[in-house]
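Taking the hints into account, I'd like the entire structure generated from these sequences.
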Amino acid sequence: MSTVTTDGAIEQLAGRAEGEAGAEAGGGAPLRTPLREVWRIGRIRMGVELRQLTRNSSLLIYTFALPVVMLLLFGTIFRGRIDGTSATYQQVYATGMIGMCVINGGLQNLAYAVAIERHTKALKRLRTTPMPAASYFLGKVASVLAATAAQVAVMLLVGVTVMGLKLPADAGRWFTFAWVLVLGATACSLLGIGMSSLIRSEQGSAIVWLPIMVLQFVSGVFIVFSSLPSAVQQIGALFPVKWLCQGMRSVFLPEDFKYSEPAQGWEHGRLALVLVGWCVIGLLLCLRTFSWRGRDDG
Amino acid sequence: MTTALRARGLRKTYGDAAALDGVDLDVATGEIFALLGPNGAGKSTAVEILEGLRDRDGGEVCVLGTDPALADYRWRARIGVVLQEARDFTMLRVGEAVRQFGAYYPAHRDPDEVIAAVGLTDQTRTLTSRLSGGQRRRLDVALGIVGDPELLFLDEPTTGFDPAARRRFWELIRSLRTAGTTVLLTTHYLDEAEALADRVGVLAGGRLVEVAAPDKLGGRDQAQAVVAWEQDGKRREQTTTEPTRLIAELAARFRGEIPGLSVVRPSLEDIYLDLIGSDQEGER
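These protein sequences, in sequence, are chains U and P. Going letter by letter, the first sequence gives residues 1 to 298 in the working numbering. Going letter by letter, the second sequence gives residues 1001 to 1284 in the working numbering.
Hints in this document: simulated from the structure, not taken from any laboratory. Note that the Cβ used here is the ideal one computed from N, Cα and C, for glycine as well. Hints are not guaranteed to be accurate.
[As the list claims (entries may be wrong)] Examples of chain P residues lying across from chain U (beta carbon under 8 Å, computed):
1) 1081
2) 1083
3) 1096
4) 1100
5) 1147
6) 1161
7) 1190
[As the list claims (entries may be wrong)] Ranges of calculated distance between the beta carbons of each label pair, as one might list FRET restraints:
8) U:280 <-> P:1150: 37 to 47 Å
9) P:1006 <-> U:61: 29 to 39 Å
10) U:59 <-> P:1180: 39 to 49 Å
11) P:1060 <-> U:280: 37 to 47 Å
Okay, here's the thing in structure tokens:
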């Protein structure tokens, strides 16, 4: 059989081996995969992840239809202006559903996807190859970003056409939209990978979606946050979902709505801090709990 | 003879139970070595330690010059692993899966040639979830060899194969050996070990109770033979260490053809069952 060499990786391997291993006693110390290899294989994983995503038709229908159906239901049941603001219930629900897309795309789907790959021993098989762990996570991040972006686009379309959502006219609000989305999706992805260890079988996903459902209620995804009891608001404020939705409200709702927020303002600084904090917690959770092998496998 | 794989005093315990209780193992470069043993004998534990998938509790291990517990991507690029039965990557087509895995390795075989070698060319565009059990197993092998490994681990590779598929699979493994690949194989099928392996090791009760060529295992080549024939309408049997002399006597007695003659030495299965049986008694 013939041998194919992948864009100069060999001489890179050889070069790095001499440079780094020489410093360690015996020359046999394990090396980190060079960043170029991580990126090269990461790109391959991204392609694989996106292909798997588009072929999973039942998951696609569920993830795209659920927020649309919920938004249309809420928009039909709750109408009119919210007291003391110029915003409508429909607009508030549209921002809440955008938050839900980020949560579902990152946290819920990723927790499930990683758990399935652990259960089917896909992870164990990958572990036997030179594929670096970082490349695997790059692929997962790409699939989350793609799925989330597509869902959010659908939500914006439905929001604008049916729910009276107004797209922001100024660049500042779009900038806020971008960083809230990226930070929120990153935090949810890392937490999702961390939580995947809780799912022990292909049927065990309830352990993840049930708490997420509760979290969405106390975070003002389904109910206007300011109308929640203050004790519930304080619980919700500990978690990233409340802040994610608040960020989305700051982008899409009229400016006067900020006076009905708990702090009478959008709190962008604190919002960014909380989301970054949850990214760090998620990362630590991943590093501590991630395993290539399932519990039923030794 | 260089050594591809060497283990000394390999130990692994789960709770109070010792899965591996001091295993010494050597596999020479270019050799096909079969690890036999009953379920729960520690085969998979041993193989997964050697593959770098599992930590050990004691002993020394050196695989391709490296301790698998400290191995990095360069070492993983030199081994190929076919795990026990798997149902992963169901959303990918055969060609996509093999190309994906090939691309993880700095130097890899041509994916189409690998697919042809395992006989899946007609299924290149088939989703892996639509493959039959035997086809799926051949895909597993393709994913294990696409990285052009120096050392290939095969954990029960032919479970669920029909006899013809197993013959073809054996041919594939022999062709890999011809190309210089070292193979460590675990199997439940003794005919598979006999057909493929240069040497077999029998693992029982966490210990390697015997290592030998398949035709010499357990003193098989020196074991007593049972010579049977028919005389006066009755079947006669005699156990002997000198079957040739007995047959010459019989030939003289019958003045030619001996009716119903058979010479039976213990099969590999007889020897194997004897080895693991005696070991289990020794444990008690």
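A quick look at each hint next to the structure:
no., hint, verdict
1, 1081, "holds (4 Å)"
2, 1083, "holds (6 Å)"
3, 1096, "holds (7 Å)"
4, 1100, "holds (5 Å)"
5, 1147, "holds (7 Å)"
6, 1161, "violated (20 Å)"
7, 1190, "violated (26 Å)"
8, U:280 <-> P:1150: 37 to 47 Å, "holds (41 Å)"
9, P:1006 <-> U:61: 29 to 39 Å, "violated (54 Å)"
10, U:59 <-> P:1180: 39 to 49 Å, "holds (44 Å)"
11, P:1060 <-> U:280: 37 to 47 Å, "holds (40 Å)"
Going through the hint list in order, the structure does not satisfy hints 6, 7, 9.
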